[in-house]
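Colleague: Below are the chains, spelled out letter by letter.
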Amino acid sequence: MNTPILEVNQLQVSFKKEKEEITVVNGISFVVHAGETLGIVGESGCGKSITSLSIMRLISSPGRITSGQIVYNNRDLTQLSEEEMRIVRGNEISMIFQEPMTSLNPVFTIGRQIDEIILLHTCASKQEAKEQSIEMLKRVGISRAEQIYRSYPFELSGGMRQRVMIAIGMACQPKLLIADEPTTALDVTIQLQILDLMKKLQEKENTAIILITHDLGVVAEMCDRVLVMYAGEVVEEAVVDDLFHNPKHPYTIGLLQSMPSSVEKKSRLYTIKGQVPPAGSITKGCRFAERCDHVIDRCWGEEPAIVLVGNNHTCRCWLHA
Amino acid sequence: MDPLVEVQQLQVFYPGKNKLLQKTKSVVKAVDHVSFTINQGETLGLVGESGCGKSTMGRAILHLIKPTSGEIGFAGRNLSSLSASELRQQRKHFQMVFQDPFSSLNPRLTVKEILDEPLKAHRLGDEHQRLEKIHHIMEVCGLNRTYAERYAHEFSGGQRQRIGIARALILQPQLVVADEPVSALDVSIQSQILNLMQDLQEEFHLTYLFISHDLGVVRHICNRVGVMYLGKMAELATTEQLYANPLHPYTKTLLSAIPVADPRLRKERIILQGDVPSPANSPQGCAFSSRCPNVMEICKEIRPDMQQVTDSHSVACHLYV
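From first to last, the protein sequence lines are chains A and B. If you're matching positions, the first sequence starts at 1 in full-length UniProt numbering and goes up one per residue. If you're matching positions, the second sequence starts at 1 in full-length UniProt numbering and goes up one per residue.
Isolated chain A (complex conformation) (with noise of 0.2 Å):
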């Protein structure tokens, strides 16, 4: 549990739009431990997917990682050639999106699509990699395996779809899964099916899971850690009952307070004023003032540090420095 498998360090990433280069990462670090789920939070914006995508090298121009490491394994990927790169991705790292049937190719088989990533990555022969699909397909619950192996996406469900992405992402049996919003288009009783084999296959291959997600429910169900991150840094870092029973920033407490409950009833419900402003436009002070119901002067002035607040628990922001 203890072993960290994935540090990443100051990651910076900008994009540049004309000739103004604007950043939507701004150094965050956090650290990744082997078994253990470790959640991403925020409002949409907030350079959640910006982060995993970074991790994956899958950030195309015009966006760039500016500055910062990440260390897998002692290899810093950013500095990996596109092929050593390719050699990770899949295989030791993997990634489910969001969207079940615009990440799956729709004129190539099921079947098709999970032997591709066993034919890359391993010396396997088709046969024998039709049989690790099959046997995989049967891993993530789908009971008629043989006969989705020759299925083509549109023919599934989309559930169906989302094991299928699960199936191709532990292919491998990665040792790190980062699964961004992969249940956020199903139902709850799927996404229950979803999260339920996600944890299931992780205490087996004893896989760490970066978890994106804007839902405290699916955080609260599934992570030993929280990152919440906010106009693209971390504002907030604890283990998961801290930040639930214990939040410091008040954008955590406010994200927490606006939702509403299925356990009891409030008559009005807790709203952030305002939205996430545009990246780039705020270049002083506490990137959430605006927003915040408790700022003071310094928070205009100054961004405040993150600080240890409690045990493996950091905050940013100048009520708790």
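The hints are simulated quantities; they were obtained by calculation from the structure and are not laboratory data. Since the structure is predicted, the reported quantities are computational estimates derived from the model, not experimental observations.
One side only, chain B facing chain A, incomplete, derived with CB under 8 Å:
hint: 1; residue: S50
hint: 2; residue: G216
hint: 3; residue: V260
Positions of the beta carbon are idealized from the N, C-alpha and C atoms, including for glycine.
Since the structure of chain A is provided, determine the placement of chain B on it from the hints.
Modeller: Then chain B, alone, in the frame of chain A:
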């Protein structure tokens, strides 16, 4: 409370695909023998998984889809018996808010033109009066009146949904059907829109039919909730009763599947096997019999009728006969 909408034995069928050389035409029973009422001033929620017919139901009530059979009474008049021009007259009393604020606004029109269309269609007021109405409704919905000349793409998702709500309310309707109005939004924006909808309901004495798959949101905003499964109503009760004492096995599994935003409440959940069957070949007998954990012999043969358990709680299940 008087009922504003009375739905009686409503059926909406879509023609299905015909297999080659098959004589009988297959039909998709999107809504099948559903009856319920919506009372003046209340918010009735409709929940269920995708494909259960809740959107079709919403559209059928507004006569955007012609029902195959059954009656819809609105304020004492049977909508099916009205002529096209009479129906058009009536339409200003019932309006709709759509799910996707990105595709439900015409990108070629300014906000003013979008809001002007319903007024023009119903020939309400001269240009000056209409403009006044537009400015008034924009302010009520939390949009600055200086935004009137802007186009939809210049707004964020939350603001676009406000435009969608303003468009529905500008005719001062009695009934608003909101089809997943907040599912495309982040939690912090979602809470702003939900609060707005509650405020508007109070101010204009609106009646809402609130369609959603998010049981937390439904619990927050609805007075009564109907649970649909495969085109049929499975259970209908007041919100308190439904969440405290769900009767139908499907309602129980749905409620159990919601991830709760509290890691201390991680619990054993009822995980449903498989997907929702296609409405084109729903099981004989009870629609839920193919996935029900409490299935009995009778369920596979005879479809249970909706029956009252208490004054405000009815369920369609053989367990409660």
